[in-house]
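Participant: Sequence:
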Amino acid sequence: MKTRTYQVALAAAVSVCVLLSGALAFVLSQHPGRPDRRPSVWAQRWNRLWGSPSSSGEDPVVARGPQPAATSRPSGSASSTVESPLAPIQLSPQRMQEIGVTTATVTRADLNDEVDVPGNVDIDEEKLAYVQTRVSGWIQDVYANAAYQYVRQGQPLFTLYSPDLVSSEQELLLAQRSESAFAPENHMATSKPAGTVGMAAREGGWLLQAAAERLRQFGVSARQIADLEQSGKVQHNLVIDSPASGYITEREALPNAYVQPQTRLYTIADLSTVWVYANVFQDDVGRLRPGDLGQVTVDAYPGRIFRGRIDQILPQVDPTTRTVRVRMVFANPGVVLKPGMYVNVRIDVPLGRQTVVPASAILQTGERSIAFVTLGRGYFDPRIVQTGPQVNGSVVVLSGLKAGEQVVSSANFLVDSEAQLEAMGGFAPPPPQAAAKVGEKSGAQMRIDLSTQPSPLRKGIGTLRVKLTGPDGSPLSASQTAGLQVNASLFLPAMPAMGMAAQHAAATLHAAGDGLYEGPVQLPSGGTWQAEVEVRRDGRSLATRQLSLNVAGGME
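For the sequence shown, counting from 1, position 349 maps to 1733 in the numbering used here; every step adds exactly one.
Hints should not be assumed to be uniformly reliable.
To be verified - Below, computed lysine to any residue pairings styled on SDA-like, alpha-carbon distance capped at 20 Å:
1. Lys1851 x Gly1867
2. Lys1786 x Gln1774
3. Lys1786 x Ser1753
4. Lys1617 x Tyr1631
5. Lys1851 x Gly1772
6. Lys1511 x Arg1737
7. Lys1617 x Gln1560
8. Lys1722 x Lys1843
9. Lys1786 x Arg1737
10. Lys1617 x Arg1600
11. Lys1786 x Gln1837
12. Lys1617 x Ser1564
13. Lys1511 x Lys1617
14. Lys1786 x Met1830
15. Lys1511 x Glu1634
16. Lys1843 x Glu1902
17. Lys1722 x Lys1786
18. Lys1843 x Ser1909
19. Lys1722 x Asp1506
20. Lys1843 x Gly1938
21. Lys1511 x Arg1648
22. Lys1511 x Thr1651
23. Lys1786 x Leu1798
24. Lys1786 x Gly1750
25. Lys1843 x Lys1786
26. Lys1511 x Val1720
27. Lys1851 x Pro1877
28. Lys1843 x Gln1774
29. Lys1722 x Glu1510
30. Lys1722 x Thr1758
31. Lys1851 x Gln1837
32. Lys1722 x Ala1684
33. Lys1851 x Ser1925
34. Lys1851 x Gln1914
35. Lys1722 x Ala1606
36. Lys1722 x Tyr1532
37. Lys1843 x Ala1885
Hints in this document: simulated from the structure, not taken from any laboratory.
Everything numeric in this text was worked out from a predicted model, so none of it was measured.
Using the sequences plus the hints, can you model the full thing?
Facilitator: Below, the structure is given as structure tokens:
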């Protein structure tokens, strides 16, 4: 019974699967393409920005770039980081007062810079002395028996017993007795010839000198040799004296120790002068020279300054800290500066006579340094300058400026913004020497003067007034003004960083008599607008003028 039930259930399941397969095949045969589906929110945003995917059977999930006909967005390539062009700018006295423009003079001055770096005190290696014996032997008594004990030159350090020294002393005493035995006065009464006696005396003197010289080569002092000759007795324990004054930094001399000539028994350091190694960053090393003066301060002695000089700039850079060790020499009275001590080093760097401006006069814009030179009557010329180090609030100018020029020393960021707006608008005011023909066509038959109501204009509706006169400022006659058409077009450059598109405005001015033309203008945003006034007759342009207008009010 149960088996039959299972068979019926299995047959029913197979039938259902066959029916579903047939239905699916029918649907696919009626709609060969992919089923339509609503794109996701991300896909909708992608399509708005980059265009919809191709209508072919390709998978729209795959990210693709924009279509050739579409305008691609700025990429992170070098072209997107190109600096904006520079253009001269003219500001009204009222505008300069509003943004707080001040100027300073480019000067020439003698400069001294300072480099502040950490340092460490070390022993002056030129004043190290080593104590070694020139013969083998055994140390008997040790007088200088502690590290960092101070010893003076000639002070006894230890005594040494050496068979070689004893033999040399015996030879000296023997030669001394021989010389005395063969002295000429001791043989006056003998029957030997005088020449034979004199020769023996000379040989005895040579032996005495040779024995004394051998002792000196073994390191025996002249005083000790004289004592030996005077006493006539062999000194089995020879006293070894200190060759220099200083502190014992290393000691290997111990009682009953066997020593050889290569054994270093003492290291004595004279700390009356010390070395200070200043760790200077590699960017500053090029300005330093041996002989430059410096000073050291130590936290342990507040208010005390130690003065020295650069001895050598070591030819190696620490790969970890990217610093160069600069060795300086300092006098050390009272051994105040101790080896291993951490100190603060300040090195004086003479820069000579340089062209300088206040640091606030240099505007850093990306990879450029810009200074705005005042040309007079509100005209400013932006210049790319090459700068050097900054010293005491002033910056060294290597190129781009000359002494005596006036530069903007404050609000230069705002001045730069005004200059960029004018450059983006394609209009650059001419220098003052051409102010009489600002933006006018060559050979113009009339002069154009523009004024506004209110002055300055504000965002919204304002009035433009154009006064036409002859080239010399004389009034125009009725025949000269007949049929004239005066139009004004205004342009505000786009500012992508602020999300603001470029804006345009236009005005048609109507005659008001005596060469005066007026007309309203609608300005949707504040900022620095570029204005162009054109005078035409019968479709022919007679005169144009380009200038900038400062419009009060916020930007939109």
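Participant: Indicate, hint by hint, whether the structure satisfies it.
Facilitator: Hint-by-hint comparison with the structure:
For the hint pairing Lys1851 with Gly1867, the CA-to-CA distance comes to about 16 Å; that is within 20 Å, so the pair holds. A threshold of 20 Å between alpha carbons decides the hint, and for Lys1786 with Gln1774 the separation of about 18 Å falls inside it, so the pair holds. Distance restraint check for Lys1786 and Ser1753: the Cα-Cα separation of roughly 16 Å lies within the 20 Å cut-off, and the hinted pair is therefore satisfied. Under the criterion of a C-alpha separation no larger than 20 Å, the hint pairing Lys1617 with Tyr1631 is inconsistent with the structure, at around 35 Å.
Between Lys1851 and Gly1772 the CA atoms are separated by roughly 50 Å; this puts the pair beyond 20 Å, and the hint is violated. Distance restraint check for Lys1511 and Arg1737: the Cα-Cα separation of roughly 39 Å exceeds the 20 Å cut-off, and the hinted pair is therefore not satisfied. Pair hint Lys1617 plus Gln1560 holds up; C-alpha atoms about 12 Å apart against a cutoff of 20 Å. About 73 Å separates the Cα atoms of Lys1722 and Lys1843, which puts this hinted pair outside 20 Å; it is violated.
Pair hint Lys1786 plus Arg1737 holds up; C-alpha atoms about 13 Å apart against a cutoff of 20 Å. With a CA separation close to 18 Å, the supplied pair Lys1617 and Arg1600 stays within the 20 Å bound. Distance hint between Lys1786 and Gln1837 is unfulfilled; the C-alpha atoms sit about 41 Å from each other, more than 20 Å. Note on Lys1617 and Ser1564: the hinted pairing holds, with a Cα-Cα distance of about 16 Å set against a maximum of 20 Å.
Between Lys1511 and Lys1617 the alpha-carbon distance is near 37 Å, which puts this suggested pair outside the 20 Å criterion. Between Lys1786 and Met1830, the direct Cα distance comes to roughly 39 Å. Violation of the 20 Å bound is thereby established for this hinted pair. In summary, the hint linking Lys1511 to Glu1634 is supported, as the alpha carbons are separated by about 14 Å, within the 20 Å threshold. For the hint pairing Lys1843 with Glu1902, the CA-to-CA distance comes to about 18 Å; that is within 20 Å, so the pair holds.
Pair hint Lys1722 plus Lys1786 does not hold up; C-alpha atoms about 49 Å apart against a cutoff of 20 Å. Between Lys1843 and Ser1909 the alpha-carbon distance is near 5 Å, which keeps this suggested pair within the 20 Å criterion. Using a Cα cut-off of 20 Å, the hinted pair Lys1722 and Asp1506 holds, with the two alpha carbons roughly 8 Å apart. With a C-alpha separation of about 8 Å, the suggested pair Lys1843 and Gly1938 falls inside the 20 Å cut-off, and the hint holds.
Straight-line distance between C-alpha atoms of Lys1511 and Arg1648 comes to about 16 Å, which keeps the hinted pair within the 20 Å bound. The hinted pair formed by Lys1511 and Thr1651 meets the criterion: a straight-line CA distance of about 11 Å does not exceed 20 Å. At roughly 23 Å between alpha-carbon atoms, Lys1786 and Leu1798 are farther apart than 20 Å, so this suggested pair is violated. For the proposed pair Lys1786 and Gly1750, the alpha carbon gap of about 24 Å is over 20 Å, so the pair is violated.
Distance check on the hinted pair: Lys1843 and Lys1786 sit about 41 Å apart at the alpha-carbon level, beyond 20 Å; violated. Of the supplied pair hints, the one linking Lys1511 and Val1720 holds, its CA atoms being roughly 17 Å apart against a limit of 20 Å. The straight-line distance between the Cα atoms of Lys1851 and Pro1877 is roughly 27 Å, outside the 20 Å bound, and the hint therefore fails. Of the pairs offered as hints, the one joining Lys1843 and Gln1774 is violated, with about 42 Å between alpha carbons and a cut-off of 20 Å exceeded.
Taking the CA atoms of Lys1722 and Glu1510, the gap is near 16 Å; set against the 20 Å cutoff, the hint holds. For the suggested pair Lys1722 and Thr1758, the alpha carbons sit about 56 Å apart, so the restraint of at most 20 Å is broken. With a CA separation close to 14 Å, the supplied pair Lys1851 and Gln1837 stays within the 20 Å bound. For the hint pairing Lys1722 with Ala1684, the CA-to-CA distance comes to about 11 Å; that is within 20 Å, so the pair holds.
For the given pair, Lys1851 sits about 17 Å from Ser1925 by alpha-carbon distance, which is consistent with the 20 Å threshold. Among the hinted pairs, Lys1851 with Gln1914 is consistent with the structure: their alpha-carbon atoms are about 19 Å apart, no more than 20 Å. Between the alpha carbons of Lys1722 and Ala1606 the distance comes to roughly 36 Å, so the proposed pair goes past 20 Å and is violated. Restraint check for Lys1722 and Tyr1532: the C-alpha separation of about 12 Å stays at or below 20 Å, so the hint holds.
Distance check on the hinted pair: Lys1843 and Ala1885 sit about 16 Å apart at the alpha-carbon level, within 20 Å; holds.
When the structure is compared with the earlier hints, violations turn up for hints 4, 5, 6, 8, 11, 13, 14, 17, 23, 24, 25, 27, 28, 30 and 35 and for no others.
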